[in-house]
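Protein chains in written order, with this note's numbering: chain H, 1 to 665; chain L, 666 to 967.
Keep in mind the hints are simulated off the structure, nothing from the lab. Some clues are possibly wrong.
[Unchecked claim] Covered stretches of chain L (in silico footprint by chain H; criterion: 3 or more residues with CB under 8 Å from a CB of chain H, positions within the stretch not fixed):
id : region
1  : 804-815
2  : 864-878
3  : 924-932
[What the hints assert, rightly or not] Calculated from the model, a selection of chain H residues having no Cβ within reach of chain L, i.e. all distances over 12 Å:
id : residue
4  : 57
5  : 61
6  : 105
7  : 441
Every value quoted in this text rests on a predicted model; they were computed, and no experiment measured them. Where is the CB? At the ideal position from N, CA and C, for every residue including glycine.
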Amino acid sequence: MLFYLYSLIAFAAVVALIFAVPLRAKAWVSLALTAVGALAASTEAVRVLACGVRSRLWLFEGMPFDGETASMDPLSALFALVISIGSVAAVLYSQGYLRHYLDSKSPAHVSLHYTSLVTMCYAMLGVVLCDGGYSFLFFWELMTIASFLLILFDAERREVRRAALSYLIMMHIGFVLLLIGFVRVDVATGSATFGALGECLAAHPEQQLPLFVLFLLGFGMKAGLFPMHVWLPEAHPAAPSHISALMSGVMIKTGVYGILRVMQQLADLPTLHTAGLILLGAGIVTGLWGVMLAASQNDIKRLLAYSSIENVGVILIGLGIAALGMAEGFRIMALCGLAGALLHTVNHSLFKSLLFFGAGNVLSKTHTTSLDALGGLAKHMPVTALLFLTGTAAICALPPLNGFVSELLIYLGMLDGIAAGQQPLAAMAGLVALALIGGIVVLAFTKLFGTVFLGSPRTHEVAEASEVDGVRIAAMALPLAGILAVGLFPQGAVAVVTRAAEVLLPDAAATAEGALPPTFTMLCRTVWILVAVIACLILLRARLLRGRTVAEGPTWGCGFTAPNIRMQYTGESYSEGLQSIARPLTHDSGEGSPVSKGEIFPAAHRFDIRHRDRIGRLFSAWWVEALRMINGRVMRLRTGKINHYVLFALAFLTLVFLLSILNLL
Amino acid sequence: MKALNLLLLLLAALAIPGLINRTRARLAGRKGIRFLQHLYDVRLLLRKGAVYSTTTSALFRLAPSFYLGAALTALLFIPVGDLPPVLSFDGDLVAFAYTLALGRVALVLAALDTGSPFEGMGASREALYGALAEPALLLILATLALVTGFTSFGWIFSLAPELRFTVVLLLAAYVLVKLVFTESGRVPVDDPRTHLELTMIHEVMCLDYCGTDLAYIKIAGWLKTAALSMLAADAAVAAWGLRWWIAAPAAVLLTGLSVGIVESTQARNKLVRNTTFILTVAVLAALVFFTGYLLQLNLVIR
Chain H
1 MLFYLYSLIA FAAVVALIFA VPLRAKAWVS LALTAVGALA ASTEAVRVLA
51 CGVRSRLWLF EGMPFDGETA SMDPLSALFA LVISIGSVAA VLYSQGYLRH
101 YLDSKSPAHV SLHYTSLVTM CYAMLGVVLC DGGYSFLFFW ELMTIASFLL
151 ILFDAERREV RRAALSYLIM MHIGFVLLLI GFVRVDVATG SATFGALGEC
201 LAAHPEQQLP LFVLFLLGFG MKAGLFPMHV WLPEAHPAAP SHISALMSGV
251 MIKTGVYGIL RVMQQLADLP TLHTAGLILL GAGIVTGLWG VMLAASQNDI
301 KRLLAYSSIE NVGVILIGLG IAALGMAEGF RIMALCGLAG ALLHTVNHSL
351 FKSLLFFGAG NVLSKTHTTS LDALGGLAKH MPVTALLFLT GTAAICALPP
401 LNGFVSELLI YLGMLDGIAA GQQPLAAMAG LVALALIGGI VVLAFTKLFG
451 TVFLGSPRTH EVAEASEVDG VRIAAMALPL AGILAVGLFP QGAVAVVTRA
501 AEVLLPDAAA TAEGALPPTF TMLCRTVWIL VAVIACLILL RARLLRGRTV
551 AEGPTWGCGF TAPNIRMQYT GESYSEGLQS IARPLTHDSG EGSPVSKGEI
601 FPAAHRFDIR HRDRIGRLFS AWWVEALRMI NGRVMRLRTG KINHYVLFAL
651 AFLTLVFLLS ILNLL
Chain L
666 MKALNLLLLL LAALAIPGLI NRTRARLAGR KGIRFLQHLY DVRLLLRKGA
716 VYSTTTSALF RLAPSFYLGA ALTALLFIPV GDLPPVLSFD GDLVAFAYTL
766 ALGRVALVLA ALDTGSPFEG MGASREALYG ALAEPALLLI LATLALVTGF
816 TSFGWIFSLA PELRFTVVLL LAAYVLVKLV FTESGRVPVD DPRTHLELTM
866 IHEVMCLDYC GTDLAYIKIA GWLKTAALSM LAADAAVAAW GLRWWIAAPA
916 AVLLTGLSVG IVESTQARNK LVRNTTFILT VAVLAALVFF TGYLLQLNLV
966 IR
C-alpha cells in the first residue's frame with residue numbers, strides 16, 4: 001500500500017512544482033521532469049536491448065493491482081526508447097511553441113497543460129512497462145485522459161472542444177473493449193496479465209479468434225485502424241503542434257504495442273494464420289484509405305494525420321506478413337515482416353514528430369495551416385524548409401533515409417514469401433498495396449512540401465514570415481538525428497529491432513544470421529554510394545558553371561506575358577488527378593463553384609472545397625440521431641419532481657421483487 | 666565482369682536514343698540525324714551558362730544532381746544477362762524502384778519550385794502516373810522472384826539457362842517494355858516532341874532548366890530508359906536461356922525499335938486515358954504474376 005501512497009505524493013509534488021514555478025520556467029521544469037524519466041527509461045532500455053535480457057522493474061503489492069508486475073523486455077525497451085525520444089522532443093518544442101500563448105492564457109491553464117504533458121509521458125512509459133492487467137489499463141486510461149486535456153489547450157475554439165470530445169468518446173469505446181478482454185482473461189485464469197491471456201488462449205481454442213478481434217479493435221482504436229481512424233484527422237488539427245507530434249508520433253504506437261503483445265500470445269497457436277490474414281487485410285485497407293485521403297486534404301495537419309493512419313497501415317501489413325510467416329514456420333519471412341514493422345514504428349515516430357514540428361513552425365509564423373494560402377516559405381524559413389524536406393523524403397521512403405530501410409524490410413519479407421512459395425498470394429496483395437501506398441505518399445507529400453514551401457507566397461502574411469527560434473530547431477534536430485542515423489547506418493538499426501523481435505520469435509537472431517547482416521551491409525554501401533554520387537555531381541555542376549554567366553530572370557510563362565501568383569498550381573489542382581480516382585472515398589463539400597467550361601469570359605469566382613472522409617460521416621449519421629432520439633425519450637422521465645422519483649424507485653424495487661420471485665434474477 | 670556490365674549498360678544508354686531517332690526517321694522516309702546527335706546536343710548544353718528563375722530556391726539548382734545521381738545509382742543494380750551487377754543484395758528489386766522514385770521526387774519538387782502553372786501541371790501528372798506505375802513495376806519484379814526463387818536481380822538472371830518459365834518471362838518482358846514507355850515519357854503516355862505545354866508531362870517539368878542542369882536531366886533520362894530496357898531484355902533473353910552478349914544488343918533493339926515504331930504509328934493518349942493505360946499495365950502485370958503462380962503450382966503438383 002505504501003507504494004501507492006508514495007506515487008500519489010510524487011504526483012502531487014510534480015503538480016505543485018509545475019503550478020508553483022514562474023510562467024516562463026514551466027516549460028523548462030516540465031522538460032527536466034520528463035527528461036529524468038526518459039533518461040532513466042532509455043538507459044534501462046539500452047541495457048536491455050544490448051543484453052537481450054528481461055528486467056523486472058517492480059511488483060505492485062496490495063489492491064487494486066495486487067500481484068501485477070512491471071518489467072522491461074527488448075520489445076518494451078524499443079517502445080520505451082521511442083517514447084523517451086518523442087516526449088523529450090515534444091516538451092522541448094513546446095517551450096518555443098507555447099511562448100506566444102503565455103500572455104493570452106492564464107497561468108493555471110498553462111500549468112494544467114504542462115502537468116498533463118508530463119503525466120502523458122510517464123503514462124505512456126507505464127503502458128509499455130506493465131505486463132498487462134489492470135495496471136496496464138490504469139496507465140492506458142491515464143494516457144487517454146492526459147491527451148484529452150492536452151488537445152483541449154485551445155478550448156475556446158468550438159471545433160477543438162468537438163474534436164476532444166469525440167476523441168474521448170472513441171477512446172472509451174476502445175477502453176471498454178479492452179476491459180472486456182482483460183476481464184474475460186481474469187475470469188478464465190485468475191489473472192489479467194498478457195501472460196495469462198496466453199494461457200487463456202491456449203486453454204480455450206474456440207475463444208482465440210474472438211479474443212484476438214476484441215483486442216485488435218480495442219488497440220486499433222488507439223492506433224487509428226480503419227474504420228476507427230476518424231478521431232485522428234479531427235484531433236490533430238485541433239491540438240497544439242507539439243501535442244499532435246506526441247500523439248501521432250508516439251501515442252498511437254502504444255496501440256501497435258498492444259497488438260504486438262496479443263500477437264506474442266498467439267505465437268504458437270493455430271489461429272495465428274487467420275490472425276495474420278486479418279492483420280494484413282486491415283493494414284492494406286487502413287494504409288490505402290489513409291494515403292488516398294491524405295493526398296486529398298488541403299490542410300497541413302489534416303494531411304499529416306491521414307498519413308499517420310497510412311503508416312499504421314504499413315506497420316500492420318508488416319505484422320500481418322510476420323504472423324503469416326510464423327504460422328507457416330517460415331522464419332525469415334516472419335522476421336523481416338516483424339523487424340520491418342518494428343523499425344517502421346520507430347521511424348514513423350521520428351519523421352512524423354519532425355513534420356508536425358515543421359507544421360507548428362509554419363502555423364505560428366503564418367497563422368494558417370491551409371495549403372492553398374501558403375507558398376514560397378523555403379525562402380523565408382530556410383532551416384524549417386530543409387528539416388521538413390528531410391522529413392518529407394523520409395516519409396516517402398526514399399533512400400538514403402530511414403523510411404526506406406523499414407519499408408525494404410517489409411518488402412523483403414513479402415518477396416521472400418513469394419520467392420519461396422509461402423503464402424505468395426497474401427504476400428502479393430501486401431506488395432501491391434505497399435507499392436501503391438508508396439507511390440501515392442510521394443504524391444501527397446510533394447503536394448504538401450511543394451505548395452507550402454516552394455513557388456511564390458500566395459498571401460502577403462506568408463511573404464513576411466521569418467525563421468523560428470533556436471529552441472524549436474533544436475527540438476527538430478533530435479528526430480532528424482535519428483532519421484539520418486537509421487538511414488545511413490541501417491545495419492545497426494536492423495540489429496536492434498532483431499533483438500526486439502526475439503520476444504515474438506525466440507530464434508530471431510539465428511534466423512537473421514547470414515541473411516539480414518550481409519543485405520544491410522550492402523544496403524549501407526549502396527546509400528553511401530548514392531550520397532557520394534550526388535555529392536560528386538553537385539561539385540561537378542559547380543565546377544562547370546564556374547566562370548560562366550549565371551543570370552536570373554522570371555519564370556518562363558510559356559509565352560504568356562502577364563503571369564501572376566494566382567495562376568500558380570495549388571495543392572487542390574495538384575491532386576486533382578488522384579481525386580478523380582479517390583472520389584468514392586470522400587464526401588466533398590464546399591462553398592461557391594468552380595469556373596464552368598461554358599464561361600468564355602469568366603466572372604470572379606470564389607471556390608472553397610473540403611474533401612471529407614466518408615467514414616467520418618458514417619460515424620455522425622443515423623445512429624447518432626437515433627441515440628439523440630432515445631436520449632430525448634429517456635429525458636422525459638426526468639421531471640424534476642421528488643414524488644415521481646420515489647415512484648420510480650418503488651417501481652424498480654417491485655420489479656426486482658417480482659423477478660426474484662419468478663427466479664429470473 | 667562488373668566493369669563490363671556497367672560499360673555495356675552505359676553503351677546501351679547512349680545507343681537507345683540514337684536508334685529511336687533513326688527508326689523514326691526511316692519510317693517517315695527521312696535519312697535522319699546523326700546517330701550520336703544527342704551526345705553532341707548534351708555536350709553543347711554542358712558548355713553553357715545558366716539562367717534561373719527568381720522564384721526558385723536552392724532546391725531547384727540541386728534537383729538535377731539528385732535526379733541524375735539516383736538514375737546512376739539505380740543503374741548499378743541492373744545486370745546485363747547473366748553478368749553480375751555492380752551492387753547486388755536481397756531485395757535490390759525494391760531498392761531499384763525506390764531509387765528511381767528519389768529522382769522523380771527531386772524533379773517534381775523542382776518543377777513546383779518555379780511557381781509556373783504549366784510546370785505544376787507536369788509535376789502533378791508525373792506524380793500521379795509514377796504512383797500508379799509503381800505497383801506494376803513491383804509486381805513484375807515479384808513475378809521474377811516467384812519463378813526463380815531469388816530476390817535480387819543478380820541471382821534471378823544468373824540462372825537464366827535453367828529457367829523453365831518461357832511464357833511468363835516473355836510476358837514480363839512485354840510489360841517491362843510498356844513500363845519503359847510510361848517511365849521515360851514516350852508515346853502513348855507522353856510525347857517528348859510535342860510543342861504544346863498543356864499536353865506535356867515530363868518535358869514541361871524541365872521548361873525552366875538550361876545548360877548543365879538540362880544536360881543532367883537528359884542524361885538521367887537515357888540512363889533510366891536503359892535500366893528498364895535492360896531488365897526487359899534480360900527477361901526476354903532469359904526466356905530462351907541466352908547470355909549477356911545477346912542481352913546487351915537486345916535491350917537496344919527492343920526499346921529502340923519498339924519506341925521508334927510506336928511513335929511513328931500511334932497517337933498519344935488523351936491525358937485522361939493515361940490513368941487507364943497505366944492501370945491496364947498494372948493489371949497485365951498482375952495477370953503475369955498469376956500465370957507464373959499457376960504454372961508453379963502445376964510444377965509442384967507434378
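Results of checking the hints against the structure:
no. : hint    : in the structure
1   : 804-815 : holds (count 7)
2   : 864-878 : holds (count 5)
3   : 924-932 : violated (count 0)
4   : 57      : holds (38 Å)
5   : 61      : holds (50 Å)
6   : 105     : holds (36 Å)
7   : 441     : violated (8 Å)
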